[in-house]
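Novice: First residue of the sequence shown? That's 808 in my numbering, and the numbers climb one at a time after it.
Just so you know, the hints here were simulated from the structure itself, not pulled from any lab data. Be aware that one or more of the hints could be misleading.
Unchecked claim - Here are the simulated lysine-lysine pairs, BS3-like style, with alpha carbons at most 25 Å apart: (1) K849 - K873; (2) K881 - K849; (3) K875 - K849; (4) K873 - K903; (5) K903 - K849; (6) K893 - K881.
Stated by the list, open to error - Derived CB-CB ranges, DEER-like: (7) D890 - M808: 18 to 28 Å; (8) N857 - Q837: 18 to 28 Å; (9) T891 - A846: 33 to 43 Å; (10) E897 - A846: 13 to 23 Å; (11) I898 - A844: 29 to 39 Å; (12) Q856 - G902: 15 to 25 Å; (13) R833 - Y860: 15 to 25 Å; (14) I898 - N845: 27 to 37 Å; (15) A846 - Q894: 14 to 24 Å; (16) I898 - L871: 16 to 26 Å; (17) G816 - K873: 20 to 30 Å.
Positions of the beta carbon are idealized from the N, C-alpha and C atoms, including for glycine.
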Amino acid sequence: MTPTVQIEGNVGRVILSGQFDFSAHREFRQVCESLIANAEIKEVLVDFQNVNYLDSSALGMLLLLKEKISAASKSLALVNCRDTVKQVLEIACFGKIFTIR
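When you get a sec, could you build the whole thing from the sequences and use the hints?
Specialist: Structure follows, in structure tokens:
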């Protein structure tokens, strides 16, 4: 999986596809850090529309991202979650930690 980035105004969107697991950690971290470092970006959206699988390492990456986003005074939302992804996020109680749209 190679995440792609779209920037519209002050919103940065990280578009994921395929399997979101440990093999994606380096690329995911790099694109997210570039959005965090961009002073014009106020909100980061992680788009799961094309994700068919995520594992516990993906959940860990999202938690680390949440910490970094909060430290940079930006907002974060998980968007376009398919049913399988939504189930994993619900089981992990991520709805209490993240904005899920």
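Novice: Against each hint, give a clear statement of whether it holds in the structure.
Specialist: Hints versus structure:
| no. | hint | in the structure |
| --- | --- | --- |
| 1 | K849 - K873 | holds (13 Å) |
| 2 | K881 - K849 | holds (5 Å) |
| 3 | K875 - K849 | holds (13 Å) |
| 4 | K873 - K903 | holds (12 Å) |
| 5 | K903 - K849 | holds (21 Å) |
| 6 | K893 - K881 | holds (23 Å) |
| 7 | D890 - M808: 18 to 28 Å | holds (19 Å) |
| 8 | N857 - Q837: 18 to 28 Å | holds (19 Å) |
| 9 | T891 - A846: 33 to 43 Å | holds (36 Å) |
| 10 | E897 - A846: 13 to 23 Å | violated (34 Å) |
| 11 | I898 - A844: 29 to 39 Å | holds (32 Å) |
| 12 | Q856 - G902: 15 to 25 Å | holds (18 Å) |
| 13 | R833 - Y860: 15 to 25 Å | holds (18 Å) |
| 14 | I898 - N845: 27 to 37 Å | holds (33 Å) |
| 15 | A846 - Q894: 14 to 24 Å | violated (36 Å) |
| 16 | I898 - L871: 16 to 26 Å | holds (19 Å) |
| 17 | G816 - K873: 20 to 30 Å | holds (22 Å) |
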